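Trainee: Sequence:
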Amino acid sequence: MWSYRDIVYSRLLAWLRSKGMDRSRASSRVATVNQLLASNDVDPAVHSDGRIVLIGEKRSDRFTGQQAFDGVVELLDVFHLAEPIEDV
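Numbering (the working numbering), first residue to last: 3 to 90.
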């Protein structure tokens, strides 16, 4: 049996993979997002272009340290973890 949370994180993994991120990197990003949401009150939006992953309002990739310039974040695709999934 899958929980609703499991489905959300599997969709996040698939979304990162669709951006061209390899499986091991995408998996570690999803695990970190899971830990952050469990331990902190963070904005449940994930921004990515397949190379960088920005969590919530952060403007630097916590994995690589790469900075996103102002205005660039708005160009990145967004995955909303708290957005309801239809038919689930």
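Just so you know, the hints here were simulated from the structure itself, not pulled from any lab data.
The structure displayed is predicted, hence computed values, not measured ones.
No residue lacks a Cβ here, since even glycine has one placed at the ideal position from N, Cα and C.
Check the hints yourself; a few may be wrong.
[Unchecked claim] Ranges between beta-carbon positions, derived for each pair: (1) F71 with W4: 35 to 45 Å; (2) I9 with F71: 17 to 27 Å; (3) R25 with M3: 21 to 31 Å; (4) R13 with V44: 24 to 34 Å; (5) M3 with V74: 34 to 44 Å; (6) M3 with G67: 24 to 34 Å.
Trainee: Hint by hint, note whether the structure agrees.
Mentor: The hints, checked one at a time:
The hinted range of 35 to 45 Å is satisfied by F71 and W4, whose Cβ atoms lie roughly 38 Å apart. Judged by the Cβ atoms, the range 17 to 27 Å given for I9 and F71 is violated: they are separated by roughly 34 Å. Between R25 and M3, the C-beta spacing of about 24 Å keeps the proposed range 21 to 31 Å intact. In this structure, R13 and V44 break the distance hint of 24 to 34 Å, their C-beta atoms being roughly 18 Å apart.
Range check, M3 to V74: about 40 Å between beta-carbon atoms, so the 34 to 44 Å window is met. In this structure the hint that M3 and G67 lie 24 to 34 Å apart at CB is violated, the actual value being about 38 Å.
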